[in-house]
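*Asks:* Place chain B on chain A using the hints.
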Amino acid sequence: MEQGKAEVLKGTLDMLILKVVALGPIHGYAISQRIQQISKDLFQVPEGSLYPALHRLEDRGWLQAKWEETETGRDAKFYSLTRAGKKRLSAEMVNWERLSEAVALILSTAE
Amino acid sequence: MNGWLGRLFHKRRTEKRLDAELRFHLEQKVQDYVAAGFSAEEAGRRANLAFGGLEQVKQDCRDARVENHVQDFLRDFQYAFRSLAKDRRFALVAVFALALGIGATTVMFSVLYAVVVDPFPYRDFRRAVVYELRKLDAPRDDAVRYHYTMPEFLAIREQNDVFEEIVGNYQLDVLYSDGKGTRRFLGGYVTANGFEFLGVPPLLGRYFSPGDGKPGTPYVFMMNFTLWQAEFNGDPRILGKTFFLNGKPRTLIGIMPKRFNGYGSSLWFPMDLSPGADGTVFPVKDPTLIWMCARLKKGVGRPRASADVDAIVHRLAQAQGNPEEIYPKRFQMFTRTLLDFVVGDFKGTLYALLAAVSMLLLIACGNVANLLLARATVREREIAVRASMGASPARLVRQLLVESFALAAAACLAGCLFAYLGLKGLVAILPRGPIPEETIIGMNPAVLVFALSIAVLATLVCGVAPALHSVRGNSLLALAGSGKGSGGGFRHGKLRSGLVIAEVALSIVLLTGAGLMMRSFFALTHVDLGFKPERMLYARISTAEHGPFSYETAAKKKVFYEQVVQRVARLPGVVSATISVGVPPLDGAGSEISILGKSRSADWVSAVDLCSERYFQTLGLRLVRGRTFSNTDIDSALHLAVINEEFARIYFGAENPLGQKIKFNVFDQLPETPHDAYFEVVGVVSNFRNRGVLERPAPEAFLPHSITGFEDRTILATTAVEPRSLLAAVQREIWSVDSSAAVTQSGSIQDFLSEFAYTKPQFGVIATSTFAGIGLALVLVGIFSVMAYTVALQTHEIGIRIALGAQRRDVLTMVLRQGLRLISAGMLIGVMASLGLTRLLSRQLPGVSATDPLTYSGVVLLFLAVGLTACMLPARRASRCDPLVALHYE
Chain A
14 MEQGKAEVLK GTLDMLILKV VALGPIHGYA ISQRIQQISK DLFQVPEGSL YPALHRLEDR
74 GWLQAKWEET ETGRDAKFYS LTRAGKKRLS AEMVNWERLS EAVALILSTA E
Chain B
333 MNGWLGRLFH KRRTEKRLDA ELRFHLEQKV QDYVAAGFSA EEAGRRANLA FGGLEQVKQD
393 CRDARVENHV QDFLRDFQYA FRSLAKDRRF ALVAVFALAL GIGATTVMFS VLYAVVVDPF
453 PYRDFRRAVV YELRKLDAPR DDAVRYHYTM PEFLAIREQN DVFEEIVGNY QLDVLYSDGK
513 GTRRFLGGYV TANGFEFLGV PPLLGRYFSP GDGKPGTPYV FMMNFTLWQA EFNGDPRILG
573 KTFFLNGKPR TLIGIMPKRF NGYGSSLWFP MDLSPGADGT VFPVKDPTLI WMCARLKKGV
633 GRPRASADVD AIVHRLAQAQ GNPEEIYPKR FQMFTRTLLD FVVGDFKGTL YALLAAVSML
693 LLIACGNVAN LLLARATVRE REIAVRASMG ASPARLVRQL LVESFALAAA ACLAGCLFAY
753 LGLKGLVAIL PRGPIPEETI IGMNPAVLVF ALSIAVLATL VCGVAPALHS VRGNSLLALA
813 GSGKGSGGGF RHGKLRSGLV IAEVALSIVL LTGAGLMMRS FFALTHVDLG FKPERMLYAR
873 ISTAEHGPFS YETAAKKKVF YEQVVQRVAR LPGVVSATIS VGVPPLDGAG SEISILGKSR
933 SADWVSAVDL CSERYFQTLG LRLVRGRTFS NTDIDSALHL AVINEEFARI YFGAENPLGQ
993 KIKFNVFDQL PETPHDAYFE VVGVVSNFRN RGVLERPAPE AFLPHSITGF EDRTILATTA
1053 VEPRSLLAAV QREIWSVDSS AAVTQSGSIQ DFLSEFAYTK PQFGVIATST FAGIGLALVL
1113 VGIFSVMAYT VALQTHEIGI RIALGAQRRD VLTMVLRQGL RLISAGMLIG VMASLGLTRL
1173 LSRQLPGVSA TDPLTYSGVV LLFLAVGLTA CMLPARRASR CDPLVALHYE
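Protein sequences, first through last, are from chains A and B.
So the first sequence is numbered by our numbering: it starts at 14 and just counts up by one.
So the second sequence is numbered by our numbering: it starts at 333 and just counts up by one.
Mixed in with the good hints, there may be bad ones.
Computed footprint of chain B on chain A, listed as stretches where at least three residues anywhere in the stretch have a Cβ under 8 Å from a Cβ of chain B [claimed, not checked]:
#1 33 to 40
#2 99 to 106
Straight-line alpha carbon distances no greater than 20 Å define the calculated DMTMM-like cross-link-like pairs of lysine to aspartate or glutamate that follow [claimed, not checked]:
#3 K661/B <-> E1043/B
#4 K390/B <-> E105/A
#5 K390/B <-> D72/A
#6 K348/B <-> D27/A
#7 K79/A <-> D351/B
#8 K343/B <-> E71/A
#9 K467/B <-> D351/B
#10 K53/A <-> D364/B
#11 K888/B <-> E656/B
#12 K348/B <-> E60/A
#13 K756/B <-> E770/B
#14 K348/B <-> D88/A
#15 K390/B <-> E60/A
#16 K343/B <-> D72/A
#17 K390/B <-> E71/A
For the record, the hints were derived by calculation from the structure and aren't laboratory data.
These numbers come from a predicted model, not from an experiment.
A virtual CB, placed ideally from N, CA and C, is assigned to each residue, including glycine.
Isolated chain B (complex conformation):
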């Protein structure tokens, strides 16, 4: 075959033929000269002369053919690997740096992709919105609720003009009795269109259809994958069977797949909203129970969707006379996307981390470019020799590019490995709260493609600059030079210094970001909570098993909980135990208040908690004035109150709070509570954080728990031992009072704090400080290599200086000064950039100012120390240089 492929494989023959063709020409020419009367010798000479260089002609012929380019390309690869293998240390550092950058970027991209782009398996979830009823009054606008009353839901469903579809659901405890015992699962009523709305097909059976749940239809239900596996070992035969749930027989019609966590329940019942249908009587007396989610019609924006529903709800509120317990004085309906509702602020953290990791990648690229430049400079002589031997510039550039591409390919492989390991590590520390449960975080094809394109991009960025540099340099100068590249050295030096300065600046930004995160985290974990969270346990108890309203009288409830708390207090290891409703640092329901003898203002609000007599002692609150509750106070359910200092400060100021009488308006609307009751203040105790770790303490009042039968209670206990070790015993004590009472949530307060307040910021701290650490290490290598190279270039000069009597110390300071100049230039730029950029982070940084001077000075000092260390080694080598050797260095 005559094609280039054929010639590629028959290279020898091709060469021979080229040779024969040209020789034929030469011989013909000689013959012609002889025919013209020249001597044979003269004819040969003339023919050869006319031909020019035979080898050059041959090379030009080869270059004219495609297959030779392919061959060259293969040879370039061989050459690249050979020369990289020769300079193994360089290759390792370069590959490692790039791989870290690629790996870290891939990890962050994977997480971001999983959480923001593809978190749910639901159909069209980007058009799904959730409504928030927001209070517009002082002290600030605030989300009041995401749950709605039945009339609200129906009105919105009927009257809206903006939804394609709307679903509602509410959760309830489901008791399952299989004859041997009773178990409790989390269930939910879901409107019959709820599953079609999300568009995930069931794993087995069918999902609800519009007829389900109508009065008179058979009771059916569906089950999630986790419960199916845990309780029924994934047995498919249970489909179609009937179970006794909350006392009613229900037939299982479908099981959902693993990647489905819609409506956050284990079991689902269909809810038809026609009067008298199953599920229309709520299990609690709170009328705002239905969580609703709607899919907007195509082309409907969120502002229009908000306004539409806002009008409906306001109309409804007016028609009902604006009942205070449901509607704030001024309110407005807002939409949030479903994704935003679930992921929330965490998206900001992820974007910040992505920015951080991109900087890391830039540092890595800069570093590799730097290494390649250093190499190119050292190899300038080699390249000059090759150029003078006839290698074209394009050929040389290509060869250098191939070399960096080989590096990038290796880095990409190693980077994928890093990413795999990094993802495993990251997923372990990822906070669970803000990430949808269906989110699958892993390396996916998109991520791999991303990693590959980074590698190619990195190749271009890192490879082009040095390649062009080597070629543009004057080859004659390089040949005449020392072989260390004094010809192009000056220019290269500038570029390399620029790279190092940029790297330093980026690294400073990363370090300040990480530093601020750490400071913020430190502030968060060292907030004075006002109580001691160490060695305290909590156990939330639910007595709902007897039907929704058992223990509903204050007297019954008091007896039950008093028995429990006394038994817990007697447990070995327990120091002090008390009853409460809230779990600190989240404490008490909010209520508007009235104070006897004062004209009430609308924004008079306070937290209210119910407690037993040892509450103050258990939490370690300090008594400021008056007294706390006695046994008799609790036992007789006296209308007394203990308030915190904040309450006293806001509502009584300089007045004596003791003896004042307060009414909590929320009680007027609740069952089994004293209506129109005023509570007399008997004591003031110190503040503690009752609205979360970061919020200032809010005014709070504590009342004897015995005054009401409303609300489930919590047992709080301080312990002399690790609180977790007592949980089983506490459970036993509760059951010994009433075996059907369940502990819905328990643990140590320390764990509670971590889960609810610390994991999210902790994730940010670990991720950013890892990135910053890697960045710092890379920059160190960068500084070191540039200084080592500068010193190598100056060996001659240093030799002369020493020979002329310069002290070693002078040489040392000279080199250090050069390094310091680079570092401080980079630091200056970095600090300025940080001051600008960290402002964007301030939402992510509670408890610390974005311009925190301590962080900034810490970062600068750390960098100075570390940077100078990196300069020290080359500097000492320079100062130890022997003038004789240095002058013979050529």
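Bound conformation, chain A alone:
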């Protein structure tokens, strides 16, 4: 892994994927690009984690997939959020907020 770039925090990959997919149907490659871009190159999602995660989320019924043409006219697998996936995302986000607040609190008092 290149210097200065972190692997996605353990346990948050699912949430990030769900969030990115929530913006509209998107294929795997674009998901990894998007995460990298939005995080200003801080996060990099290795393919070895991304695809198993996508398949797992689809298997759970949080994502659904469809084969469609890309702008360049190629067939690609586009993922979109299901209703259950939306619920899951909001639940994970609430969790995350609570967690990060707690972490911030601990860090600030520790000083």
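*Replies:* Chain B alone, transformed into the frame defined by chain A:
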């Protein structure tokens, strides 16, 4: 469809799509690199690098999906069957061992279930109790009777506070004349609520209702299934017909189903206890005739039920002035459950056998675990290879579990087959006495479920340990090792040795149990009875056909029986014939006695039997003093007595018994007996077992049968031929004197002994020794496999030893010593456990001590011999090993 089921069936398409998806990603990445200014070649290299292993990513994607787990599971099964088929010998032994364990356990469970859980078809039979009047005096507390007088029954019924319902019945002979002849059936008077009490609906018609049996109502009766089939071919039209029974016309109102044996009769009459009603005049003069059974109110315990009835009976006894013939000096009423009353001690035998069979199952499981461990160890290398190829530990454990589950499934099938055959065999040797007749012993659904759960349990027990072992072992070490598993070998070896030691210990417990049972049975069958049971027949005669009290005078009875015994004595093949009342080894009624010139003590009791002059000769009793009876003594009904040695020892000690005069108090209360009569002792004869096979001989006096008209008699005869072959002839002789006299019971004394004394213990012996034998065989396989495996592991070492000059004998003793260490450790534990456990069995083991040294040393020797034999084969293979081959063994 997008679901996993759809994907399961479109596997190829799914694979293709996965491939396309990932390739698309790769190509996009390459394009981006090219756009960033890399050469096409460099872009491809970088993209591939970033991707890591494409195959690994694919596998991870597959693992993320459910349907692939299902697929893996199916594949595991295929794999399991393939690898089991490859190692057929292993699979057969394992399946066979488990199946034996499952089969034997299922058989015992079936029997126990049928006898203890579901023996009767009766309603709420667990709350049904039977009362026992127990004497509290020396020499020990003893059940006196289970039958009660009419006033007792009525008082208990009216005054009790603890019963929901109470029923009474008594049995009697019923003569049925159909115009052509007269037949005798066993009938019974039952209180009118008797059938509702048991709650079994009739097969045809109705059962008694409260009005039946009242004075002035029509006579009715019911019939059991067996009699209906045997006498009337199951013809339903006989319902409502009138039959002449005991001289009275009675209408048949109901027929009971096959699974009903309430009150133990073939015919039932309703009994209403109001004065003058049918059945209130007893057919015999014994006032204690009514057997009663009661259902306790909910929430009433047996102690309260006992105390309640105890008070009632004591009150009644006092009001009547405590008549001696009905009430012992000190007595108490006790309850027993109906089930306990019927099954009794036999329950203990069954529980002991269940314990034995559970040990057998444990041995079988241990054995299979051992075999699986041996296999796992040998396969360590295979598993290590698979682990390094990317199989996850969970996957490997699962696969091994599937393999043992496949074994268990096969074993369960085979076990059910064994159980089916075993049940057939067992039912054939089951003693009939202690098991209710309605009990149906068979494979029932509960039993099958039980067998299945044993199989699953066995799978877990046998499968988990080896599976975890294989996975926990360091795969690198296993790969570097010889492929025979030298890596985890040490640990596995310990576990396996532990298993063998446990198996040996369990097997020792089983063997000592069986050995003790055998010893006890041997003791039982080789008791010196004091008479020779071989070639002796008995025939109990009943003259009740002429009405309850025909032949009731002593003179009439004497003539009849003398004629019969003389005719029997003349039959070809008969050596000697005599009249008696009892059938040895159950002999004579008990009576309190008084001796002239001595102050009587309350516990002076003796057995009394009536006999003719050839009695002593027929039984082969030795004359110790004086003389036995002469023809004239019998003919003139002289008041003389011959006593046994025990009588002389207890009551006369050093005195001369001859000429002493004894009175038997029981006679004072009986009809047609000499009252206040003293009998002069003229002789003393040797003892014989007169209170059963196991009890010491009790004091007994023999009197001329001609003194009384009371009591039916038995003909005893020694024969020169097989006694059973003469039974028909004896019957003919009896009929030629009086065609209406019936033989109620007859056979050879040997058969009588078997039925009454031997079948129950024999059942225990056969069952335990079968279990112990199977257990021993399984342990042998266990020892053999563990030793063979140890030797295989040590081939290298043995090769070096031999190459360095060790003698073959040294190698042989080395291996044998290892085996002996295992065996003796197991034996030590087993013997200790047996010493503790067999104590619990001591009630089941009359005639032998639970710590019988002979049994223990026999078992130890047997096991040593057999165990060493099992070690011998691997040991000899080891000693014959060629050092060159052994060193190249890798």
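*Asks:* All hints, please: hold or fail.
*Replies:* Hints versus structure:
no., hint, verdict
1, 33 to 40, "violated (count 1)"
2, 99 to 106, "violated (count 0)"
3, K661/B <-> E1043/B, "violated, 26 Å"
4, K390/B <-> E105/A, "violated, 27 Å"
5, K390/B <-> D72/A, "holds, 15 Å"
6, K348/B <-> D27/A, "violated, 25 Å"
7, K79/A <-> D351/B, "holds, 15 Å"
8, K343/B <-> E71/A, "holds, 16 Å"
9, K467/B <-> D351/B, "violated, 92 Å"
10, K53/A <-> D364/B, "holds, 17 Å"
11, K888/B <-> E656/B, "violated, 30 Å"
12, K348/B <-> E60/A, "holds, 18 Å"
13, K756/B <-> E770/B, "holds, 17 Å"
14, K348/B <-> D88/A, "holds, 13 Å"
15, K390/B <-> E60/A, "holds, 10 Å"
16, K343/B <-> D72/A, "holds, 15 Å"
17, K390/B <-> E71/A, "holds, 15 Å"
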